[in-house]
Amino acid sequence: MVWIFVLFFFFPKFPFIGKYLSLGTEVMIWSLFAVGFNILLGYTGLTSFGHGAYFGIGAYTAGIIFLRVYPGFWVPLLLSIVGGALFAGLVGLIVAKKRGIYFSLLTIAFGQVFYFIAFRWEELTGGETGLSKIDRIPIGIPGLFQVKLSNPINYYYVCWAIFLIATIVVWKIVHSPFGKVIQGIRENEVRTRYLGYNVYFYKWASVTLSGAFAGLAGGLYTFLINSAFATVLDWTQSGNVVMMNLLGGGLVNFFGPILGATIFISSRDLLSAYISRASFALHFEIDWLFIYGLIFVFVILFIPTGILGLISGKKRAVLR
Amino acid sequence: MEEFLGEFSSFVMIGLVNGLIYAVVALGFTLILGVMQVINFTHGVLFAFGAYFAFTAQRYFNLPFWVGLIFAPILVGVLGIILERVAIRKTYGGNPLFGLLLTFGMATALEAVIRMVPIWGKVGYSVKAPEFVAGSIELGFMTYSKYRLFLAALAMLIIFVTWLFLEKTPYGGIIKAGAYDSEMIMALGKNLPRLRMYVFGLGAMLAGVAGVIAAPIYSVKPAMGTDILMPAFLIVVLGGIGSFWGSVIGGLIVGMSKSMIVMVFPRAEDIIPYVIMAFILIFRQRGLMGEKSVLEA
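Chains as they are written, first to last, in the numbering used here: chain W, 131 to 450; chain Y, 5 to 301.
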């Protein structure tokens with residue numbers, strides 16, 4: 131575990147790639163989202179296709195609180211966790227009764243409603259134009275010390291620290307008695323219920339917790355790009371986070387989501403650059419989403435347990 | 005009063021027509037979901053392909069509307085069968101995650117294909133309604149587009165024929181049995197892989213035919229598939245998974261509620277179906293007509 135964070139810590143010093151600080155920050159934010167999401171996907175075994183919504187809610191919460199209530203850093207960020215957890219908790223009340231494909235279908239159905247709300251409630255969310263001018267104001271103890279977050283390198287390390295803490299929290303959660311129960315639900319829900327556990331509550335808690343981490347990631351993302359748009363709520367975000375988990379091997383390894391998010395975010399930028407160059411050479415515009423879709427298909431068909439699953443030779447998803 | 009009545013009934017008609025299109029799309033979607041347990045994200049893009057095939061037949065081959073109406077759904081059905089044979093069947097019986105992500109990737113790629121095809125491109129097109137139903141009709145208190153009435157009749161006919169097929173033919177019996185217990189179907193000597201392939205083709209055809217009939221009233225554009233897919237999810241959830249009439253009634257509820265709310269509070273147009281869905285789920289866990297099924301156990 132340690133070496134991952136060591137790598138991220140020294141990333142800004144790396145030759146050639148170290149200067150892409152904003153990309154590095156984005157990778158950590160998505161990694162945080164994906165690791166938290168894996169509580170639900172990998173450990174509870176429930177496929178939510180709607181968690182992009184809670185990322186978006188976190189993003190908007192941070193933006194709205196910053197612009198209207200309290201122009202700080204920690205308060206909007208903390209409330210973005212609350213926002214993600216609150217709405218995930220509300221939807222969770224309904225979806226936690228289900229499992230398998232029915233659960234997925236309900237999460238998809240509910241996932242898009244927040245997108246429409248953000249789009250239509252212009253007074254609050256800025257509608258199509260979204261929110262902007264969400265600055266990163268300095269943090270610290272007044273009079274004692276101050277960190278200027280507007281400097282990308284400082285923000286990078288703040289995100290690094292939050293990412294580290296969040297990952298430790300998720301590790302503690304999935305290795306606690308609670309974590310054992312949700313894994314029990316994944317293996318056999320009916321048996322877990324017969325053992326006397328309130329399965330509904332555990333599933334609801336799992337949805338809500340992963341929603342809280344999604345909200346935190348969303349809040350950090352808003353401060354990274356200094357704005358919030360309705361596209362952060364789009365359902366493709368939900369697909370992306372599932373894909374990151376799967377690609378890295380989140381179904382077989384705790385750290386899979388981090389690997390997946392790293393590859394996903396960095397290759398997205400790289401690939402789209404290469405594809406536009408290839409399109410130019412071929413005099414035919416290759417749509418980047420075409421390649422993106424085919425990669426999804428390829429991963430599902432050929433490396434369903436992800437990269438870490440492929441390396442460790444695991445054919446079946448077993449995560450402990 | 006007269007004016008209000010006219011306006012009101014024209015909104016009812018819009019809701020009815022949209023609702024019927026939603027219902028046809030949702031029927032194919034729920035059929036695939038029920039038999040294969042796959043949440044088919046390609047369903048929307050298959051709808052779009054139906055519309056684009058019809059558009060191509062009309063614009064580039066000068067063929068009359070009915071040719072597109074017959075052949076476009078067949079082509080879409082074949083496309084669906086190809087997708088099923090090449091990839092989707094590999095996800096059967098596993099974690100629902102895989103079918104979901106696979107079709108999600110396919111839908112993304114196929115939508116990009118629409119944008120990449122030179123004669124289709126990124127812009128929106130319109131398809132002309134057939135001659136004999138062009139123009140509008142005077143109904144006393146309102147005037148109404150003849151094509152929309154024709155579309156409503158056509159959609160009802162499609163729903164009726166699908167119902168006849170599922171309820172009154174032996175094939176329908178096998179399909180329904182396959183949704184209930186696929187192992188038993190195999191044990192009875194039916195060819196399950198082939199059954200699933202045909203069901204996928206049938207579902208795709210329903211999406212395609214909905215795309216064709218919707219083409220003259222919707223703008224034919226690459227994102228039209230995504231736009232129709234969301235209502236389909238809602239309809240299947242609020243109507244009840246695997247329920248034929250649940251999908252039809254769900255489609256009408258979504259179509260009607262959207263057009264009704266426009267009269268009083270236009271901004272809620274996209275949100276009202278979600279509110280209704282949430283209410284229905286609170287009181288009826290499995291949707292309006294949903295029964296306890298093998299999908300939840």
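If you're looking for bench data, these hints aren't it; they were derived computationally from the structure.
Nothing here was measured: the structure is a model prediction, and the numbers come from that model.
Any given hint could be a false lead.
Unchecked claim - Which chain W residues stay away from chain Y? Per the calculated CB distances, all over 10 Å, these: (1) F144; (2) F240; (3) W334; (4) G369; (5) I425.
To be verified - Derived CB-CB ranges, DEER-like: (6) W/E415 - Y/N66: 39 to 49 Å; (7) W/A403 - Y/A227: 37 to 47 Å; (8) Y/M160 - W/Y200: 52 to 62 Å; (9) Y/L67 - W/N318: 52 to 62 Å; (10) W/R398 - Y/K126: 36 to 46 Å; (11) W/P145 - Y/P122: 38 to 48 Å; (12) W/S402 - Y/V279: 51 to 61 Å; (13) W/L220 - Y/R271: 38 to 48 Å; (14) Y/V82 - W/F144: 32 to 42 Å; (15) W/S402 - Y/N66: 50 to 60 Å; (16) W/Q276 - Y/I286: 43 to 53 Å; (17) Y/S13 - W/S396: 55 to 65 Å; (18) Y/S130 - W/R398: 17 to 27 Å.
Unchecked claim - Subject to a maximum C-alpha distance of 27 Å in a straight line, what follows is the list of computed DSS-like cross-link-like pairs (lysine-lysine): (19) W/K143 - W/K278; (20) Y/K94 - Y/K180; (21) Y/K126 - W/K228; (22) Y/K126 - W/K227.
Even glycine gets a Cβ: it sits at the ideal position worked out from N, Cα and C.
Status of the hints after comparison with the structure:
no.: 1; hint: F144; verdict: holds, 31 Å
no.: 2; hint: F240; verdict: violated, 7 Å
no.: 3; hint: W334; verdict: holds, 15 Å
no.: 4; hint: G369; verdict: violated, 5 Å
no.: 5; hint: I425; verdict: violated, 7 Å
no.: 6; hint: W/E415 - Y/N66: 39 to 49 Å; verdict: violated, 28 Å
no.: 7; hint: W/A403 - Y/A227: 37 to 47 Å; verdict: violated, 25 Å
no.: 8; hint: Y/M160 - W/Y200: 52 to 62 Å; verdict: holds, 56 Å
no.: 9; hint: Y/L67 - W/N318: 52 to 62 Å; verdict: holds, 57 Å
no.: 10; hint: W/R398 - Y/K126: 36 to 46 Å; verdict: violated, 21 Å
no.: 11; hint: W/P145 - Y/P122: 38 to 48 Å; verdict: holds, 43 Å
no.: 12; hint: W/S402 - Y/V279: 51 to 61 Å; verdict: violated, 38 Å
no.: 13; hint: W/L220 - Y/R271: 38 to 48 Å; verdict: violated, 21 Å
no.: 14; hint: Y/V82 - W/F144: 32 to 42 Å; verdict: violated, 51 Å
no.: 15; hint: W/S402 - Y/N66: 50 to 60 Å; verdict: violated, 39 Å
no.: 16; hint: W/Q276 - Y/I286: 43 to 53 Å; verdict: holds, 50 Å
no.: 17; hint: Y/S13 - W/S396: 55 to 65 Å; verdict: holds, 56 Å
no.: 18; hint: Y/S130 - W/R398: 17 to 27 Å; verdict: violated, 35 Å
no.: 19; hint: W/K143 - W/K278; verdict: holds, 20 Å
no.: 20; hint: Y/K94 - Y/K180; verdict: holds, 22 Å
no.: 21; hint: Y/K126 - W/K228; verdict: violated, 39 Å
no.: 22; hint: Y/K126 - W/K227; verdict: violated, 42 Å
In this structure, the earlier hints numbered 2, 4, 5, 6, 7, 10, 12, 13, 14, 15, 18, 21, 22 are contradicted, and the remaining ones agree with it.
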